Amino acid sequence: MTTVHIGCGAGFAGDRFDAAVPIVAALSRAQGERFLIYEVLAERTLAIAQRLRRENPEQGYSPFLDVYLPLVLADCHRHGIRIVTNMGAANPLGAARRVHALAKELGVRGLKVAAVTGDDLLATLPEAQIRGEQVIEGIALDSRPIVAANAYLGAAPVADALATGAHVVLVGRTTDAALSLGPLMHVHGWKPDDLQHLAQGTACGHLLECGAQVSGAFFPDPGFKDVPALERVGFPIAEVGSDGSLVVTKPAGTGGAVNRMTVIEQLLYEVHDPCNYLTPDVVLDLGEVEVEEVGENRVRVSGARGKPPPPTLKATVCVDAGWLGEGEISYAGPNALARAELAASVVRARCQAIGVADEVRVEVLGTGAIFRGARRDRNAVVPATAFGEYRVRAAVRGSTRKIAQQVSDEVLSLYCSGPAGGAGVRQSVTPQVSTASILIDRNKVRPQVTVVEAS
Amino acid sequence: MSVVEVPLHAVAHARAGDKGNRSNISVIPYLPEAFAALVEQVTEARVLAVFAPRGATAATRYVLPKLPAMNFVIDNALEGGVNSSLGLDGHGKALSFLLLGEIKVRVPLDCIPVHSPYREQPAG
Numbered sequence: 022m023t024t025v026h027i028g029c030g031a032g033f034a035g036d037r038f039d040a041a042v043p044i045v046a047a048l049s050r051a052q053g054e055r056f057l058i059y060e061v062l063a064e065r066t067l068a069i070a071q072r073l074r075r076e077n078p079e080q081g082y083s084p085f086l087d088v089y090l091p092l093v094l095a096d097c098h099r100h101g102i103r104i105v106t107n108m109g110a111a112n113p114l115g116a117a118r119r120v121h122a123l124a125k126e127l128g129v130r131g132l133k134v135a136a137v138t139g140d141d142l143l144a145t146l147p148e149a150q151i152r153g154e155q156v157i158e159g160i161a162l163d164s165r166p167i168v169a170a171n172a173y174l175g176a177a178p179v180a181d182a183l184a185t186g187a188h189v190v191l192v193g194r195t196t197d198a199a200l201s202l203g204p205l206m207h208v209h210g211w212k213p214d215d216l217q218h219l220a221q222g223t224a225c226g227h228l229l230e231c232g233a234q235v236s237g238a239f240f241p242d243p244g245f246k247d248v249p250a251l252e253r254v255g256f257p258i259a260e261v262g263s264d265g266s267l268v269v270t271k272p273a274g275t276g277g278a279v280n281r282m283t284v285i286e287q288l289l290y291e292v293h294d295p296c297n298y299l300t301p302d303v304v305l306d307l308g309e310v311e312v313e314e315v316g317e318n319r320v321r322v323s324g325a326r327g328k329p330p331p332p333t334l335k336a337t338v339c340v341d342a343g344w345l346g347e348g349e350i351s352y353a354g355p356n357a358l359a360r361a362e363l364a365a366s367v368v369r370a371r372c373q374a375i376g377v378a379d380e381v382r383v384e385v386l387g388t389g390a391i392f393r394g395a396r397r398d399r400n401a402v403v404p405a406t407a408f409g410e411y412r413v414r415a416a417v418r419g420s421t422r423k424i425a426q427q428v429s430d431e432v433l434s435l436y437c438s439g440p441a442g443g444a445g446v447r448q449s450v451t452p453q454v455s456t457a458s459i460l461i462d463r464n465k466v467r468p469q470v471t472v473v474e475a476s
Numbered sequence: 002m003s004v005v006e007v008p009l010h011a012v013a014h015a016r017a018g019d020k021g022n023r024s025n026i027s028v029i030p031y032l033p034e035a036f037a038a039l040v041e042q043v044t045e046a047r048v049l050a051v052f053a054p055r056g057a058t059a060a061t062r063y064v065l066p067k068l069p070a071m072n073f074v075i076d077n078a079l080e081g082g083v084n085s086s087l088g089l090d091g092h093g094k095a096l097s098f099l100l101l102g103e104i105k106v107r108v109p110l111d112c113i114p115v116h117s118p119y120r121e122q123p124a125g
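If you're matching them up, the sequences are chains A and B in order. If you use the numbering used here, the first sequence corresponds to residues 22 to 476, in order. If you use the numbering used here, the second sequence corresponds to residues 2 to 125, in order.
One or more hints might be untrue.
Unchecked claim - Cross-link-like lysine-lysine pairs, in silico, DSS-like; alpha carbons within 27 Å at most: (1) A/212 with A/465; (2) A/328 with B/20; (3) B/94 with A/246; (4) A/246 with A/335; (5) B/94 with A/335; (6) A/335 with B/20; (7) A/335 with B/105; (8) A/212 with A/335; (9) B/67 with B/20; (10) B/94 with B/67.
Hints listed in this document are in silico derivations from the structure and should not be mistaken for laboratory results. The structure displayed is predicted, hence computed values, not measured ones.
Let the hints inform the model, and build the full structure from the sequences given.
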């Protein structure tokens, strides 16, 4: 039986820059077809990428392409490890050209690069039509200009791109699971109606898509569930047979752990109804899945079942949503809570006095702010003589950058105009995007594969 | 076997994820023998009561006996979600620990792992 090895080098844009290096070393020693995937596109990331592309038509791919790929491209090509990633973002063709340029800089010869396009609905449909589709989640699509609108493509176009013989495949918006399922369909010859295999492959993709979240990260709770050497956590590798058998593991000599607990936590991560997890390829049913430790840091996952996919694709539509302004300042030592609360009341009064119309939140971190009203002891009384350490945080979602900056600056001004001992101000003002999920007839979406030549 | 009342944290681990304004939190027993007690005691109504002060409007529970695990889907738990929350944790990543800390369960002592710190202070 053929076994495909798939390693995941990143679970989000900003994941550890060199995480893929041990994966590439492990894959280079494995037999059979091997793939390295990177998942870097959050829902809103495409809006930012789309803006960059408008400013410069060569841009709009993930800036992490230049962070992740230089470390591994030469070794992957030498050992026949193929790379599949959504670093194409808003510009898969531009990303493919950038990969060629990187290959040239690194002295990598004979690299074949393919791009998958067709997810960008703004490129193919009139805006009015996008606005007319059913919103299933998120904001109403009123008259605000659409910054980005992308359908979630499935695994078939990824498989088609690999069928060209490409060593590197750049996609924009696909399901995260498609980054794994595409290679599996390509190598194992699984067809779109091969639902049981597609279900196991989708489970594989779901387990890999957040990187080390399946192999011991986002997991440790010291004294309760510990893993060794979190600072060297090994990112995951899946071994998937042509019969759909699936083992999750990680490179030897790395930290972290792959066990029943880490795998079950990730299996249910961001899943709603576990018996009906909708993807463009298959409706995944995890109801009968079994998770079994079959060796050290080796977990077998079996029993995923598949049902036919829905006739619609999900698409994410992004619109501008103003600016988030934040400011923070700390108070420590005796009577710190009272000084922090005084600071908070000053900021609230100032925002009112200068006429900030948007809702401003001012809270004291250290008093249950994270859980916001859901903790019983949120009103606990702290004696004035007690040592404490508290941080005041103000936040606003302003319609303009000016409002966001003003609220943030009201915290800054506490340095000289607030309570005693205010310390450690940090400020941040960032543009915001809101999203709506819509359903779109899959016949309106035409994925396309392009082999991009070196210039 | 003595029965103890402890936070869910003594008996189960959990992970929170977000989609829009919905949070999902898995609840997974450390020991399979604790599962029946969790299914009986960690109900939709009790979970909703934990998150209602934040604005949550419904909690739906999915039970997966083969793992074993439960998955809770909590509507409107995220103050609008990561795109519109004014809170520090728009994703609700910390909410798994709110659930583990707030829900109390009554279980036989052997449902708590032998090396758990709760074995030393079973009153939690």
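Verification of the supplied hints:
no. : hint             : in the structure
1   : A/212 with A/465 : holds, 22 Å
2   : A/328 with B/20  : holds, 22 Å
3   : B/94 with A/246  : holds, 17 Å
4   : A/246 with A/335 : violated, 36 Å
5   : B/94 with A/335  : holds, 24 Å
6   : A/335 with B/20  : holds, 13 Å
7   : A/335 with B/105 : violated, 39 Å
8   : A/212 with A/335 : holds, 22 Å
9   : B/67 with B/20   : holds, 25 Å
10  : B/94 with B/67   : holds, 26 Å
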